[in-house]
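**Student:** For the record, the sequence lines run as chains A and B.
Numbering-wise (this note's numbering), the first sequence opens with residue 1 and increments by one.
Numbering-wise (this note's numbering), the second sequence opens with residue 1 and increments by one.
Just so you know, the hints here were simulated from the structure itself, not pulled from any lab data.
Be aware that one or more of the hints could be misleading.
It does not matter which identical chain is used: a pair holds within one copy or between any two.
[Unchecked claim] List of simulated lysine to any residue pairs, SDA-like, C-alpha gap at most 20 Å: (1) Lys-56 with Gly-31; (2) Lys-56 with Ala-30; (3) Lys-56 with Ala-94; (4) Lys-35 with Thr-121.
Computed from a predicted model, the values in this text were never measured in an experiment.
Number of protein chains: 2
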Amino acid sequence: MRAVPGTPTVPTRDRILYAAAELLRRQGYAGTGLKQVASCSQAPFGSIYHFFPGGKEQLADEVLRTGGAFFLALYRQILAEAPSVRDGIAAFFAGAGETLRATDFQDACPIATVAGEVASTNDALRRATADVFESWLAELAGDLVTAGVAAADARPLAFALLAQLEGAFLLCRALRTTEPMDAAARAAASLIAEGGAR
Amino acid sequence: MRAVPGTPTVPTRDRILYAAAELLRRQGYAGTGLKQVASCSQAPFGSIYHFFPGGKEQLADEVLRTGGAFFLALYRQILAEAPSVRDGIAAFFAGAGETLRATDFQDACPIATVAGEVASTNDALRRATADVFESWLAELAGDLVTAGVAAADARPLAFALLAQLEGAFLLCRALRTTEPMDAAARAAASLIAEGGAR
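Okay, chain A solo, but in the shape it has when bound (with noise of 0.2 Å):
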């Protein structure tokens, strides 16, 4: 089957999920209304309900997760293409800095914003955060046992590293400089450092 001139050959689904996936990093939930979504999206409004009928609350679960697991898989390839744990999260941190130059500060972390909006208001999705969170953690704090770091020190050293990247994300995007990343950079490389991590 051929696609109509002019009509995008992404799946209607697909170009939702992407659509909200970009309001929800740059505008939080609440921020985020389902029209602009299926505007932003080229989709029938109706469309959104057919593929998500839990409404807003579905799609944004999903996107966090998709979100997550997609950044996930941007610091396994990071990692896969260094000499080392140490130079893998150097970076990760390094691309990190580029990624906020390169959008005019808008791209950061996937589901920061969201995550600081539904804590305290929306349980559902904040379970869809701790999840990411700790999908992320998981696989950080696996890598530096592997490179060296004793397993007890591993789980805090990843929850401080992670801490620092998200804290520069939102201090970066506050200040439109990467000065803040910069300097969480330097710190992780020593906390990797003093943790003993190859």
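Mind docking chain B on chain A? Use the hints.
**Tutor:** Frame of chain A, contents of chain B only:
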């Protein structure tokens, strides 16, 4: 003039600011409506526009700046009671964890949730959050210099410590545990020691 029995004696304008601050830090900017602010502050709806002719944006701007000044005063007080800058910052991180537990993980940074939301959507409010973060950074960097950190290292270290705190707030609220704040406190202590602060 005696207060009418049962009538709050806190001035209306202050009640509006206090209620708005609580709602904004828990729900964010887009998720907080002026009707809810009026209801929670026991103020007539019209009085919000009387005191804040610029409406929700003006109210939020004042809430962010007032909350930022309050947080800075809290930091100053904790440091004044500590035997050293190192101990003071450690006490501040410990207090942050206690506050999270005591408030069922609702009461964290006074500006972070709104800062994430407005960074790419409302430049006036983004500037308010940037001014607040800068005021904290300047104070923290100054204290680090006083404690013996080299002047050139003080600002990057202040950025790293603030990022550590903000990231930990987000992770604690999402995961409903103070484990990230405990890890952040240890990481902060390590970074401060490495920076040469007394």
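**Student:** Please work out whether the CA atoms of Lys-56 and Ala-30 approach to 20 Å or closer within one copy, between two copies, in both situations, or in neither?
**Tutor:** both (10 Å within a copy, 15 Å between copies)
**Student:** Should Lys-35 paired with Thr-121 be assigned to within, between, both, or neither, using CA atoms and 20 Å as the limit?
**Tutor:** Cα proximity of Lys-35 and Thr-121: across copies only (17 Å, versus 22 Å in one copy).
**Student:** Between Lys-56 and Gly-31, at a C-alpha cutoff of 20 Å, which is it: within one copy, between copies, both, or neither?
**Tutor:** This pair counts as both: shortest intra-copy Cα distance 12 Å, inter-copy 14 Å.
**Student:** When no copy is named, should Lys-56 and Ala-94 be tagged within, between, both, or neither for a Cα gap of at most 20 Å?
**Tutor:** Neither way: Lys-56 and Ala-94 sit 34 Å apart in one copy and 37 Å across, limit 20 Å.
In this structure, only the earlier hint numbered 3 is contradicted, and the remaining ones agree with it.
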